[in-house]
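Asker: Those protein sequences? They're chains A and B, same order as listed. Residue 24 in the numbering used here is what sits at position 24 of the first sequence, and the numbering runs on without skipping anything. Residue 250 in the numbering used here is what sits at position 250 of the second sequence, and the numbering runs on without skipping anything.
Just so you know, the hints here were simulated from the structure itself, not pulled from any lab data. Keep in mind the model is a prediction, meaning the values are calculated, not measured. Hints may contain errors.
Claimed, not checked - Distance windows between CB atoms, simulated:
id, chain 1, residue 1, chain 2, residue 2, range
1, A, Phe34, B, Arg88, 44 to 52 angstroms
2, B, Gly56, A, Phe34, 44 to 52 angstroms
3, B, Ala129, A, Val31, 35 to 43 angstroms
4, A, Phe121, B, Gly56, 44 to 52 angstroms
5, B, Gly56, A, Gln16, 29 to 37 angstroms
6, A, Ala93, B, Gly308, 52 to 60 angstroms
7, B, Ala129, A, Phe121, 31 to 39 angstroms
Stated by the list, open to error - Derived pair list, reagent style DSS-like, types lysine-lysine, alpha-carbon separation capped at 27 angstroms:
id, chain 1, residue 1, chain 2, residue 2
8, B, Lys247, B, Lys192
9, A, Lys100, B, Lys124
10, A, Lys100, B, Lys192
11, B, Lys383, A, Lys100
12, A, Lys99, B, Lys247
13, B, Lys192, B, Lys124
14, B, Lys316, A, Lys100
15, A, Lys204, A, Lys100
16, A, Lys24, B, Lys124
17, A, Lys99, B, Lys149
18, B, Lys247, B, Lys316
19, A, Lys204, A, Lys233
20, A, Lys100, B, Lys247
21, B, Lys247, B, Lys47
22, B, Lys247, A, Lys24
23, B, Lys149, A, Lys100
24, A, Lys99, A, Lys24
25, B, Lys124, B, Lys149
26, B, Lys383, B, Lys316
27, B, Lys124, B, Lys188
28, B, Lys188, B, Lys149
29, A, Lys99, B, Lys47
30, B, Lys192, A, Lys99
31, A, Lys99, B, Lys316
Said to hold, decoys possible - Computed footprint of chain B on chain A, listed as stretches where at least three residues anywhere in the stretch have a Cβ under 8 angstroms from a Cβ of chain B:
id, segment
32, 16-22
33, 99-111
34, 132-141
For each residue, glycine too, the CB sits at the ideal point set by N, CA and C.
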Amino acid sequence: MFANLAQLFRYRGLIQSLVARELKARYRGSVLGFFWSFVNPLLLLLIYTFIFTTVMPNRVEGVQPYALFMFCGILPWNWFSASLTEASGALIAGGNLIKKVLFPAEVLPIVSVIANMVHFFFGLPILIAFLVIYRHPPDRWDLVWFPVAVLVQLIFTLALALIVSALTVHFRDIRDILSNLLMFWFFATPIIYPWFQPGLERYKPLFNLNPFTHLAVSYQEILFFNGAIGHWKWLIGLGLSSILLFLGGYWLFDRLRDSFAEAV
Amino acid sequence: MIAIELVNVSKIYRRYGGRQFSTLKSALLKQSLLRDLRPSETFPALKDVSFAVPAGSTFGVVGRNGSGKSTALKLVAGIRKATGGVVRVRGRISALIELGAGFHPEISGRENVFINGIMLGLTKQEIQARFDDIVDFAELREFIDAPVKTYSSGMYMRLGFAVAIHVDPDVLLVDEVLAVGDEAFTHKCLDKFSEFRRRGKTILLVTHSLNVVERFCDEAVWLDEGVVRAHGDPRRVVDAYLTAVEKTEEQQMAATTARAVESAAPPSTRPADMFQATEGRWGSREVEIADVVLVDGRGEPSFVFHSGEPMSIRLKVRAVQPTDDFVFGIGLFNAGGVCCYGTNTNVEEMIPVQLVGDAEVTFAIDALDLIEGTYKLDVAVHKRDGAPYDYHRLLYTFRVNSRTHDVGIYRPHHRWMFSSNVRFAARGTNDMTE
Chain A
1 MFANLAQLFR YRGLIQSLVA RELKARYRGS VLGFFWSFVN PLLLLLIYTF
51 IFTTVMPNRV EGVQPYALFM FCGILPWNWF SASLTEASGA LIAGGNLIKK
101 VLFPAEVLPI VSVIANMVHF FFGLPILIAF LVIYRHPPDR WDLVWFPVAV
151 LVQLIFTLAL ALIVSALTVH FRDIRDILSN LLMFWFFATP IIYPWFQPGL
201 ERYKPLFNLN PFTHLAVSYQ EILFFNGAIG HWKWLIGLGL SSILLFLGGY
251 WLFDRLRDSF AEAV
Chain B
1 MIAIELVNVS KIYRRYGGRQ FSTLKSALLK QSLLRDLRPS ETFPALKDVS
51 FAVPAGSTFG VVGRNGSGKS TALKLVAGIR KATGGVVRVR GRISALIELG
101 AGFHPEISGR ENVFINGIML GLTKQEIQAR FDDIVDFAEL REFIDAPVKT
151 YSSGMYMRLG FAVAIHVDPD VLLVDEVLAV GDEAFTHKCL DKFSEFRRRG
201 KTILLVTHSL NVVERFCDEA VWLDEGVVRA HGDPRRVVDA YLTAVEKTEE
251 QQMAATTARA VESAAPPSTR PADMFQATEG RWGSREVEIA DVVLVDGRGE
301 PSFVFHSGEP MSIRLKVRAV QPTDDFVFGI GLFNAGGVCC YGTNTNVEEM
351 IPVQLVGDAE VTFAIDALDL IEGTYKLDVA VHKRDGAPYD YHRLLYTFRV
401 NSRTHDVGIY RPHHRWMFSS NVRFAARGTN DMTE
């Protein structure tokens, strides 16, 4: 397993070109092309702004402008959920490669995650633009934590992507389970509401059990809230457990590897 | 030095019986998650296969469909893992198993060449250096920047082949790719293989074109149901394989014939138009054809014959009453229903005198000069005025195999003659293009 893991480093050229291919192919033939990477989160932001400032306004203290607050959590969530959704179908979609070419299968879910990470980065300029428009600059020193949060999310997402992609080969309905689970997960995570909203105190242990809470809260503290990052312990904790989860996920993937060529 | 070595390799495929639509839910409900991941049934694709391919040689693998050829190739390529035994390969491998696997239809040929090259283990710089060769080989210079989805299947295949062959492997694995392209492309592939051979690379070739194996390979194995049945000189291996194929064909012919004879056993009426008639049997049975056997040159009953070799049709007849009015006849029909030959004792001016009790009639052909194909046989005994005693219409099937793939319905005894300024190379010494 560790030999295979070391091999992974050798495939970085392959991963890089597959990610580039993924991004190119996605918008090939569309008029707006890469611009869609900006348009999608922008529209999402506008919709949420309309709903939570006009339709059902949220007036919790300290989270204004509300649209900006939500956007800090939605952007990473989109990366996370799109990665898992794509990873779940990655091995089946790439069946031709696994069956006919000597091809490291783990590259496929990894490419799904990294391609969506690039999309996440494309959404950041919009976030920055809105931070500027709303005159809501984040603390400069807080921003040091931003790459840490991205790294933790990357490892966490990779771990789940490996597990989901490997299991979906054998149980095809994981894909459907996953899409429903992700919807539930989204609303269970303090993204479109703040974790300190009055009335939610008794759910705090549940929030803490949800790994994505710690990512969402970290992003919100880094980008939105002023003051020190109170959540860094949780973030580091999640990072460490993500590494373990990744090793476990890779182990599972490695064990099921030989069955892929026959089962996809 | 040995380039590829298989030692006691076996491969067992699992069949997940009853889990065709596997669902996590049902697995969880029945608490059979782990059990379902275990095979309910296994299917051995390779059993204890061992062979070694010396470096620099061209090695053929022949066998019927499902004999394990492709599995063996995939094990060598490392795409699948052997269940038991050891597979050792020295040097860089390139596998021509599926051309263009991994091409993305939306992006250009150029980008696909790079990505495909990286998948096959090249670095960007290596691909850059070979890019022009690849494009020229694929003859796609003007289309290289078009998306691959706009390519014809031939262009797709050519590009896939071009990339795979330019990986410059030490060991090239080829699985039936020769069958996919047009003539010109096939020639190009074969030329490229010849070049590889000259440069001392190892080629493992899985193919059904036995000609290529005989003329191109240094060594061959014949796999049958996952077992090595023959190994060594390609001609000997191909011969052994062909003999076995004939045996199978023979069994099939025997079964066909037995079925036809059995279903025709009750006397049926004579059809109005003899030439429209399909298989059947009719007649008064005053004289009966009790048995028909086809016999080869060694006197053995057979259903498969070689063009140019002797064949005899042996009839056992039984006359209920002694008679002096009888004619024996035979007819040979090809698969298209065309009568290749027909004759009887009457047209050959033999005057019947007496037929009593059990008798034997043999129609001996010294050289069966028919082209390759499946033939059916009419045998009959009837009165001189044509009233049938026992007419067997197309009940007997036999096969003629031929090394020469000539066409037509009959092969005249022939030879070619040339003046001294026309020259041909002896077979096997020219390059392998056909």
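Asker: Verify this for me: three or more residues of the segment 99-111 of chain A with a beta carbon less than 8 angstroms from a beta carbon of chain B.
Answerer: holds (count 5)
Asker: For the pair supplied as a hint, A:Lys99 and B:Lys149, is the alpha-carbon distance within the 27 angstroms limit?
Answerer: 21 angstroms, holds
Asker: Given the proposed pairing of A:Lys99 with B:Lys247, does the C-alpha separation stay at or below 27 angstroms?
Answerer: At roughly 34 angstroms apart (the allowed maximum being 27 angstroms), B:Lys247 and A:Lys99 break the hint.
Asker: For a C-alpha distance cap of 27 angstroms, please report whether B:Lys247 and B:Lys192 respect it.
Answerer: 36 angstroms, violated
Asker: Is the distance from the Cβ of A:Ala93 to the Cβ of B:Gly308 consistent with 52 to 60 angstroms?
Answerer: With Cβ atoms ~55 angstroms apart, the hint holds.
Asker: When you check the alpha-carbon spacing of B:Lys247 and B:Lys316, does it fall within 27 angstroms?
Answerer: 25 angstroms, holds
Asker: Take the C-alpha atoms of B:Lys383 and A:Lys100, compute the straight-line distance between them, and say whether it is at most 27 angstroms.
Answerer: The hint is violated at about 66 angstroms.
Asker: Would you check the hint for B:Lys247 and B:Lys47, treating anything up to 27 angstroms between C-alpha atoms as holding?
Answerer: 22 angstroms, holds
Asker: Given the hint that B:Lys192 pairs with B:Lys124, test it: the Cα-Cα distance must not exceed 27 angstroms.
Answerer: Status holds; Cα separation ~23 angstroms.
Asker: Does the structure keep B:Lys192 and A:Lys99 at a Cα separation of 27 angstroms or less?
Answerer: The hint holds at about 25 angstroms.
Asker: Under a C-beta cut-off of less than 8 angstroms, do 3 or more residues of the segment 132-141 of chain A approach chain B closely enough to confirm the stated coverage?
Answerer: Check failed, 0 qualifying residues.
Asker: CA of B:Lys247 to CA of A:Lys24, is that 27 angstroms or under?
Answerer: Outside the cut-off at roughly 56 angstroms; violated.
Hints 8, 11, 12, 14, 15, 20, 22, 31, 34 from the earlier list are contradicted by this structure; the remaining hints agree with it.
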